[in-house]
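Numbering-wise (our numbering), the sequence shown opens with residue 69 and increments by one.
There could be a bad hint or two in this list.
[Said to hold, decoys possible] Simulated crosslink set (DSSO-like; lysine-lysine; CA at most 30 Å straight-line):
1. LYS246 with LYS263
2. LYS296 with LYS263
3. LYS291 with LYS339
4. LYS109 with LYS229
5. LYS291 with LYS331
6. LYS253 with LYS349
7. LYS297 with LYS229
8. LYS229 with LYS255
9. LYS291 with LYS263
10. LYS166 with LYS263
11. LYS109 with LYS158
12. LYS363 with LYS246
13. LYS339 with LYS253
14. LYS296 with LYS246
15. LYS331 with LYS363
16. LYS296 with LYS349
17. LYS246 with LYS229
18. LYS229 with LYS339
19. LYS291 with LYS349
20. LYS363 with LYS349
21. LYS166 with LYS109
22. LYS339 with LYS255
23. LYS166 with LYS255
24. LYS296 with LYS331
25. LYS331 with LYS109
26. LYS331 with LYS349
27. LYS255 with LYS291
28. LYS158 with LYS255
29. LYS255 with LYS297
30. LYS297 with LYS349
31. LYS229 with LYS291
32. LYS263 with LYS363
33. LYS253 with LYS297
34. LYS296 with LYS229
35. LYS229 with LYS253
36. LYS339 with LYS296
37. LYS363 with LYS339
38. LYS331 with LYS263
39. LYS331 with LYS297
40. LYS263 with LYS339
No wet-lab data here; the hints were simulated from the structure.
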Amino acid sequence: MESVKIPVVQRSARHWYTDGSVIVQAGETLYNIHRSMMIQKSAVFADMFALPMENLNTTDIQGIHEENPIVLHNVVTSIMLDDLLDWIYKIDWHPMAKPSYPERFLVNILMLSTMWDIPSGRQFAIACLDILNLHPARQIELSRMFGIDEWVSTAFEDLIKLDLTTLSEDQERMIGFKTYIILAKAKEFVEHERKLIASIPPPMAFVQSFECEHHDDCRTAWKELWWKKVARSLLHPRAPMVLETGVTYVEQLEFEGMSACCKADMVEVIKQRNAFGIVEKVVEEAGTAVLAYNKSLC
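Using the sequences and the hints, build the whole thing.
If you want it as C-alpha cells, here you go:
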C-alpha cells in the first residue's frame, strides 16, 4: 500500500517578515505580512480585520500563529500571492510611469486585486498590460474575466479588421463563443455595407454651381471614377480599402473630366453621408452587446 504524502507547509522566502502581524497561507506557503498594509490596500481585508476579537482566545484567532493561519481560497496559489505582495512591498509605481512587467505577473495582480477590491492594484495592472500590446483576443478575454470595460471597444475594432481565418485556436477560445458570434455578425454586416458603398455611387443631387460649365459631363465622370477607382479599391480581393480612409482616398484622387467645384461638393456629400464611418457605428453597437454579455456573467 502506497503511503500518502502529506504536504509540507513552509515559510515564504520572499514575504515572511519578522515584524509581520498576520499569517496567511496560499497553497503550501505561509506568509507573515503586515495587517496595516493589507487594510490600506484592500477593502476586503479591511472588513475582515475589523471583526471584533476581544472575547476570543488567541489560539482560536486565525492569523496569529503558524499553526492556525488564514487560509486563502484554493484558487489563490503561492505564485499569485507572491506577485501581489511583490507589487505591494517592492514596487513604487506612478500612473505616468511606463515600466514593463511580464504578463503573468500583471494578470495575477489584476486577478487578486479584483477579488480583494484593491483599486490601486487594478489600476497598476491594467496600465502596465496596456503597454504590452496584447492581442485583441486576449484583451477581450481579460476584459470579460475582470470587468475591464474600457478595453472592449478598441479590442473589438481591431478584431473586426482581422481575417478570422488567421486566429489560432487559443485566440478563438480567448474571444469566447458568444463574443465570436457577435464578431462574426458584425464583420458580415460591414462587408455587406462595403459592397453597397462600392456598387452605388453617391448621387450628385446638389444644385449645380455657377462655376461648373459642363455639369452633365461631371455626372458621367463621377460615376466612371467611382466604379473604376473607388469600387475596385473597396472590393480588392487581397488588399481592400480600409473603410475609415475612404474620404481621404476620394479627396486624393485625380478627377479627370470633372470640375474642381463639383469634386469639392461631392467630397462634402460623402462626409455628410458618412457611409465610410460604418465600422465605428458597428463597433459601438457590437461593443455594447459584448459589455452586456460580460455583465450577465457576473
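Evaluated hints:
no. : hint               : in the structure
1   : LYS246 with LYS263 : holds (26 Å)
2   : LYS296 with LYS263 : holds (14 Å)
3   : LYS291 with LYS339 : holds (17 Å)
4   : LYS109 with LYS229 : violated (40 Å)
5   : LYS291 with LYS331 : holds (12 Å)
6   : LYS253 with LYS349 : holds (14 Å)
7   : LYS297 with LYS229 : holds (22 Å)
8   : LYS229 with LYS255 : holds (8 Å)
9   : LYS291 with LYS263 : holds (16 Å)
10  : LYS166 with LYS263 : violated (43 Å)
11  : LYS109 with LYS158 : holds (14 Å)
12  : LYS363 with LYS246 : holds (13 Å)
13  : LYS339 with LYS253 : holds (26 Å)
14  : LYS296 with LYS246 : violated (39 Å)
15  : LYS331 with LYS363 : violated (48 Å)
16  : LYS296 with LYS349 : holds (27 Å)
17  : LYS246 with LYS229 : holds (18 Å)
18  : LYS229 with LYS339 : holds (22 Å)
19  : LYS291 with LYS349 : holds (27 Å)
20  : LYS363 with LYS349 : holds (21 Å)
21  : LYS166 with LYS109 : holds (21 Å)
22  : LYS339 with LYS255 : holds (23 Å)
23  : LYS166 with LYS255 : violated (34 Å)
24  : LYS296 with LYS331 : holds (16 Å)
25  : LYS331 with LYS109 : violated (61 Å)
26  : LYS331 with LYS349 : holds (26 Å)
27  : LYS255 with LYS291 : holds (27 Å)
28  : LYS158 with LYS255 : violated (45 Å)
29  : LYS255 with LYS297 : holds (23 Å)
30  : LYS297 with LYS349 : holds (25 Å)
31  : LYS229 with LYS291 : holds (28 Å)
32  : LYS263 with LYS363 : violated (34 Å)
33  : LYS253 with LYS297 : holds (28 Å)
34  : LYS296 with LYS229 : holds (24 Å)
35  : LYS229 with LYS253 : holds (13 Å)
36  : LYS339 with LYS296 : holds (20 Å)
37  : LYS363 with LYS339 : violated (36 Å)
38  : LYS331 with LYS263 : holds (23 Å)
39  : LYS331 with LYS297 : holds (14 Å)
40  : LYS263 with LYS339 : holds (18 Å)
When each numbered hint is compared with the structure, violations occur for hints 4, 10, 14, 15, 23, 25, 28, 32 and 37.
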